[in-house]
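Chains as they are written, first to last, in my numbering: chain A, 1397 to 1641; chain B, 864 to 1062.
Quick caveat, the hints were computed from the structure, so don't treat them as lab data.
Wrong hints could be hidden among the right ones.
Said to hold, decoys possible - No more than 20 Å apart at the CA atoms, straight line, and that leaves these computed lysine to any residue pairs for SDA-like:
{"#": "1", "chain 1": "B", "residue 1": "LYS878", "chain 2": "A", "residue 2": "GLY1478"}
{"#": "2", "chain 1": "B", "residue 1": "LYS866", "chain 2": "A", "residue 2": "VAL1631"}
{"#": "3", "chain 1": "B", "residue 1": "LYS1022", "chain 2": "B", "residue 2": "LEU1005"}
{"#": "4", "chain 1": "B", "residue 1": "LYS866", "chain 2": "A", "residue 2": "LEU1627"}
As the list claims (entries may be wrong) - Chain A is nowhere near these chain B residues, computed Cβ spacing over 10 Å in every case:
{"#": "5", "residue": "ARG871"}
{"#": "6", "residue": "LEU909"}
{"#": "7", "residue": "MET916"}
{"#": "8", "residue": "HIS945"}
{"#": "9", "residue": "LEU964"}
{"#": "10", "residue": "ALA984"}
{"#": "11", "residue": "MET1008"}
{"#": "12", "residue": "GLU1011"}
{"#": "13", "residue": "THR1035"}
{"#": "14", "residue": "LEU1057"}
Here the structure is a predicted model, which means the values were calculated and not measured.
C-beta: ideal position from N, C-alpha, C; glycine also.
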Amino acid sequence: MTDKTHFGFQTVEEHEKARKVGEVFHSVARKYDLMNDVMSAGLHRTWKRFAVEISGVKAGDRVLDVAGGSGDLSRLFSRKVGSEGSVVLTDINASMLGVGRDRLMDEGVPVPALQCDAEKLPFPDQHFDCVIVAFGLRNMTHKDRALAEMQRVLKVGGRLLVLEFSQVWKPLAPLYDVYSFKLLPLMGKLLAQDAASYQYLAESIRMHPDQETLKQMMLDAGFGKVDYYNLSAGVVALHKGWKTA
Amino acid sequence: MIKPLLTRLLGHLVKQNSWARPHLQPYAGKHIRLQLFPLSATLVVLEDGGLGMAGDTAAHDASMRISPSLALRLLANDASAHSDIVLEGDTEFAIALGKVLQAMSWDYEEDLSRVVGDVAATQISQRLQEGVAATRKQAANLTEMAAEFWQEEQPLIAKKRHVEAFNRDVDTLRDDLGRLDKRMEKLSARLDALLKLHA
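Construct the complete structure from the given sequences, taking the supplied hints into account.
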């Protein structure tokens, strides 16, 4: 008997989740950025820029972009670390990684792109100054294992940044529900001809741990200190965890 | 979205004052609460020596409290006002940050030049500086006029020399009282001795 996990609002076998998530992202990869812009009214760019500013990354640092997909954050971090530093873009999904890698190459940003599972990162201990995972953690089957891996590859004093959809401010919840379950799949159907994938995105956001739960998960994974920012009334939260020992 | 905006502004300010980074870097990860009634904000020193807004759950390591009247004195460049800022917690960190914030300046001309061009930015900046200087002069004149009115026409404020004379009188009175007290003590002691003798 295998363990069960969530895939949106469905309960599936653990080994099935990665494949199903893979199918979703394979399906949306080509129009991922367009949909992000439409869905967030461009706000995802502000959230990502804020995450980079709060990271405290400086010239010469090593940065790991987990589930980096389309490469937005890798591009921003590349400017920060300069030629002495390095950024590694990773994603479990080959389609998403391909889109990000090609785009970065077209823009003349040399970032190594690596297809790997965030629960088994192929890097030595204490290797990076900063690890970031933006809108990727909720798709991982074992979030606790992924967080522990990210903690392992960080140097002491390094930071993990988790940018993820979170629990919206209560009075806005009904409006947000209408947006997520009515408008979002409709936009997915019209713009990407893929309502089911966007239905999954909406459902997976609801199943993701809230701000306090994620903070506790990061503390449990070994981070000495964790703080978070609610952005856009909690639609998104940015968690920052410090590896202190 | 106020935090991303303020963090952007702080980042821009630190970028313009790049000398500040090495001074702030030793305090990376520390939080300070700034209170200027009725406003308050918690800042964090970032690992690259920059400044950002703190998260929603951050506990502050130090706090800096400035009353509205003190803020006015600070704006008027009153050197003695700095010692009246209330610092709590990690005071070494608070003092270091206070010094950096005090020495930072906003190069608005540089920012303006990106929008309207160098020549226009310089002209606007000059006009602005002239305007500020004229306003300061006018404010000083008004203050002097009001002080004169309340000292001469409608005495409400004491003149400096009157206050000094009053202080001198108080000092003399205090010394006289001290001497009188000693004489009373001596007389009282003599009286007690006489009473014991005749008892």
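Evaluated hints:
| no. | hint | in the structure |
| --- | --- | --- |
| 1 | B/LYS878 <-> A/GLY1478 | holds, 16 Å |
| 2 | B/LYS866 <-> A/VAL1631 | holds, 14 Å |
| 3 | B/LYS1022 <-> B/LEU1005 | holds, 17 Å |
| 4 | B/LYS866 <-> A/LEU1627 | holds, 8 Å |
| 5 | ARG871 | violated, 7 Å |
| 6 | LEU909 | violated, 4 Å |
| 7 | MET916 | violated, 8 Å |
| 8 | HIS945 | holds, 29 Å |
| 9 | LEU964 | holds, 19 Å |
| 10 | ALA984 | holds, 26 Å |
| 11 | MET1008 | holds, 49 Å |
| 12 | GLU1011 | holds, 52 Å |
| 13 | THR1035 | holds, 62 Å |
| 14 | LEU1057 | holds, 79 Å |
In summary, the numbered hints that this structure violates are 5, 6, 7.
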